[in-house]
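*Asks:* What follows is the residue order along each chain.
Number of protein chains: 2
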Amino acid sequence: MTVSRRKLFGLTGAGVAIAGAGAGVAVHESGHDPAAEQVPFHGPNQAGITTPAQDRMHFVAFDVTTSDRAELVRLLQDWTRAAERMTAGQEAVEHGATGGGEQEPPGDTGEALGLPPSALTLTVGFGPSLFDGRFGLADRRPPALAELPHFSQDNLDPARSGGDLCVQACANDPQVAVHAIRNLARIGFGTVSVRWSQLGFGRTSSTSREQATPRNLFGFKDGTNNIKSEDTAALDEHVWVRPGDGPEWMTGGSYLVARRIRMHIETWDRSSLSEQERIVGRTKGSGAPLGATDEFAPVDVRALPDDSHVRLASAENTGARLLRRGYNFTDGSDGLGRLDAGLFFVCFNRDPRRQFVPMQRALARDDAMMEYLEHNGSALFACPPGVRPGEFWGQGLFG
Amino acid sequence: MTVSRRKLFGLTGAGVAIAGAGAGVAVHESGHDPAAEQVPFHGPNQAGITTPAQDRMHFVAFDVTTSDRAELVRLLQDWTRAAERMTAGQEAVEHGATGGGEQEPPGDTGEALGLPPSALTLTVGFGPSLFDGRFGLADRRPPALAELPHFSQDNLDPARSGGDLCVQACANDPQVAVHAIRNLARIGFGTVSVRWSQLGFGRTSSTSREQATPRNLFGFKDGTNNIKSEDTAALDEHVWVRPGDGPEWMTGGSYLVARRIRMHIETWDRSSLSEQERIVGRTKGSGAPLGATDEFAPVDVRALPDDSHVRLASAENTGARLLRRGYNFTDGSDGLGRLDAGLFFVCFNRDPRRQFVPMQRALARDDAMMEYLEHNGSALFACPPGVRPGEFWGQGLFG
Numbered sequence: 001m002t003v004s005r006r007k008l009f010g011l012t013g014a015g016v017a018i019a020g021a022g023a024g025v026a027v028h029e030s031g032h033d034p035a036a037e038q039v040p041f042h043g044p045n046q047a048g049i050t051t052p053a054q055d056r057m058h059f060v061a062f063d064v065t066t067s068d069r070a071e072l073v074r075l076l077q078d079w080t081r082a083a084e085r086m087t088a089g090q091e092a093v094e095h096g097a098t099g100g101g102e103q104e105p106p107g108d109t110g111e112a113l114g115l116p117p118s119a120l121t122l123t124v125g126f127g128p129s130l131f132d133g134r135f136g137l138a139d140r141r142p143p144a145l146a147e148l149p150h151f152s153q154d155n156l157d158p159a160r161s162g163g164d165l166c167v168q169a170c171a172n173d174p175q176v177a178v179h180a181i182r183n184l185a186r187i188g189f190g191t192v193s194v195r196w197s198q199l200g201f202g203r204t205s206s207t208s209r210e211q212a213t214p215r216n217l218f219g220f221k222d223g224t225n226n227i228k229s230e231d232t233a234a235l236d237e238h239v240w241v242r243p244g245d246g247p248e249w250m251t252g253g254s255y256l257v258a259r260r261i262r263m264h265i266e267t268w269d270r271s272s273l274s275e276q277e278r279i280v281g282r283t284k285g286s287g288a289p290l291g292a293t294d295e296f297a298p299v300d301v302r303a304l305p306d307d308s309h310v311r312l313a314s315a316e317n318t319g320a321r322l323l324r325r326g327y328n329f330t331d332g333s334d335g336l337g338r339l340d341a342g343l344f345f346v347c348f349n350r351d352p353r354r355q356f357v358p359m360q361r362a363l364a365r366d367d368a369m370m371e372y373l374e375h376n377g378s379a380l381f382a383c384p385p386g387v388r389p390g391e392f393w394g395q396g397l398f399g
Numbered sequence: 001m002t003v004s005r006r007k008l009f010g011l012t013g014a015g016v017a018i019a020g021a022g023a024g025v026a027v028h029e030s031g032h033d034p035a036a037e038q039v040p041f042h043g044p045n046q047a048g049i050t051t052p053a054q055d056r057m058h059f060v061a062f063d064v065t066t067s068d069r070a071e072l073v074r075l076l077q078d079w080t081r082a083a084e085r086m087t088a089g090q091e092a093v094e095h096g097a098t099g100g101g102e103q104e105p106p107g108d109t110g111e112a113l114g115l116p117p118s119a120l121t122l123t124v125g126f127g128p129s130l131f132d133g134r135f136g137l138a139d140r141r142p143p144a145l146a147e148l149p150h151f152s153q154d155n156l157d158p159a160r161s162g163g164d165l166c167v168q169a170c171a172n173d174p175q176v177a178v179h180a181i182r183n184l185a186r187i188g189f190g191t192v193s194v195r196w197s198q199l200g201f202g203r204t205s206s207t208s209r210e211q212a213t214p215r216n217l218f219g220f221k222d223g224t225n226n227i228k229s230e231d232t233a234a235l236d237e238h239v240w241v242r243p244g245d246g247p248e249w250m251t252g253g254s255y256l257v258a259r260r261i262r263m264h265i266e267t268w269d270r271s272s273l274s275e276q277e278r279i280v281g282r283t284k285g286s287g288a289p290l291g292a293t294d295e296f297a298p299v300d301v302r303a304l305p306d307d308s309h310v311r312l313a314s315a316e317n318t319g320a321r322l323l324r325r326g327y328n329f330t331d332g333s334d335g336l337g338r339l340d341a342g343l344f345f346v347c348f349n350r351d352p353r354r355q356f357v358p359m360q361r362a363l364a365r366d367d368a369m370m371e372y373l374e375h376n377g378s379a380l381f382a383c384p385p386g387v388r389p390g391e392f393w394g395q396g397l398f399g
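Going down the list, the protein sequences come from chains D and V.
One point on numbering: in the UniProt record's numbering, the residue at position 312 of the first sequence is 312, and numbering is uninterrupted.
One point on numbering: in the UniProt record's numbering, the residue at position 229 of the second sequence is 229, and numbering is uninterrupted.
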């Protein structure tokens, strides 16, 4: 399934070589081509949750600027059509970047012309504020979409938090992810405005057993015991909203929690290897639990320090599991001579009140790692189920 | 030449799979593997200038915080050793992330463990302010390293401009580029502090005839007529500093100009296709000059509109050519509902007084595209020649 934009729009000429820009047509040693890959848009669940985590992310939160419910519905319809097209490697709208009238603005901004689908997924979510009454949705708000509580040591910046809507774009080529977000923002001009956005340059989680565990900016493997897309029973138990969990429109959906976690990497880098490993609860080289040698060795949390991250975050401690899908970020510097870098934590869970919230409460209170972290952005979104052909994102909510 | 960090440090275990994180071991359709590729560090010129432009960039400008010349020299020596190692896919120092003492801070921050060299290049430059007298270098300042003049419509942010030193890290994996900058910053703790840094997610220039021309965030192919690494006569004429051009220590070096150019993409996206093409001077689909059909057709600048970008930037207009090596960026949003996105323009030239400055003057004054641009960061650096084994970056300046 490698429909490229250039094939669809008949571009020719020496400049349209197979390489596109950059890693566009890279082929993994396994023969798997991460650029050409196309992830189906339609299905019972939205893509971008259990999809094997792509390499790059562009995440955006929007404020809705209209109070007209019909306009909001039209936006979701238009976005769905554009998402169907862009995830298939096509331009955002028909008559895309160059095919429309010369005297019209192009219907697509063009920077992804010639690039393959790159496993692009687009995942939409609805924030608690969307249910505040402006759109007649107050009585459809799921109880699980309760505002997150204040956590100990939170230092949240409102300009990096909240939002009425979100779109998570993940792809193996960042140009494809940025293009998708930009074109959705453009389609939404006059209806939504960008509240905040975050670029993630490298995935920090595996969501498939076929993926190697990547490293976060503390230099440690992250997400070894993540729920994987192959663990369908665990997904049903911990990720997907089930019938009876709340309003029917969320069945097959999931709750997304995003946290912008600045890492004080300069301080971390001055702590000893043994201290780092004690804080994490794993060895730095192999990623094995302390005392073991294999990354995937079973974790005996009772053998780990009480305040170690892995112990506190474990299902044994909180009874909760999450599907983590975060990304490393670097956003320039902070004016104090340090890089502004860290983890853009994203997780999906069936009910944050029983999963993310107790886990984060335990971490915020006791995790030795907190000394090196600053949570400065936070948001929660209800991601509706997937759409069938002809439907639109959130149709069950507005129907 | 694919020496990976994990091989050198004997990491084992199931988690150290061949894939590393993300596009680590991607192989181009041509059989070329952009992750495994290793660019030689040593040579008559620094790497990262004519090296075929890698996909991603992390650029950092430092202020020197010591006034001790010997400390500065020691830093450049330490940086050179670390750069030799990291560009070879090794950790920043011996006894890297996990091989030192348990009670010592690791010598490498670890997030690139297991990742191949990814064509990493590190290129150092010296800003005009380094020659202000603190280090006894005032009489060694090249006349060509004159502060850039104010250009019409400049709106420069001092926090995104200038710097005593710069390091440009380019790689096909952003995690590798970020790791390199972070470890150099760490090595420099107490001697330098980060003044500003910029992540570029996608290259906007080709610097080799083997590369397809990428697109900028206006959706146009950028850099079709760039100087290519194969054009050795043009490189000698326009890029490399020659004997007699100025102080001998810069022979074989080049001057780097960086400009952070915010693009008003929302406004651009509302202009018609014909207006966009008229402003650029090329067609959007193929990238061909207006009136032609092939991207690489000769450009007859007299046939283009007087205020078109390609005409004004042409060698016919200004007599100047540059080696461009810029990157697309997206840095969140601007608080006004718009993405903060654009082009991090980087060019290399033999004498900016005769090349970049007249070209930018012409563009700033007359280019129709300026309505959609805001230059908000600017810096100039003298990049010394390459180093031989045992030498250090800038040895000729300090020797």
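Take the hints with a grain of salt, since some may be wrong.
[To be verified] So the derived label-pair ranges between C-beta atoms look like this:
hint	chain 1	residue 1	chain 2	residue 2	range
1	V	Arg388	D	Thr232	56 to 62 Å
2	V	Pro40	D	Glu374	37 to 43 Å
3	D	Gly43	V	Gly43	48 to 54 Å
[To be verified] Okay, the calculated bits of chain D under chain V, using three or more residues with CB under 8 Å as the criterion:
hint	region
4	88-102
5	190-201
6	267-279
7	383-393
These are computed hints drawn from the structure, not numbers from a lab.
Beta carbons are placed, not taken as given, at the ideal position from N, Cα and C, and that holds for glycine.
*Asks:* None of the hints should be skipped; say for each whether it holds.
*Replies:* Status of each hint after checking the structure:
no.	hint	in the structure
1	V:Arg388 x D:Thr232: 56 to 62 Å	holds (58 Å)
2	V:Pro40 x D:Glu374: 37 to 43 Å	holds (40 Å)
3	D:Gly43 x V:Gly43: 48 to 54 Å	holds (52 Å)
4	88-102	holds (count 5)
5	190-201	holds (count 8)
6	267-279	holds (count 7)
7	383-393	violated (count 0)
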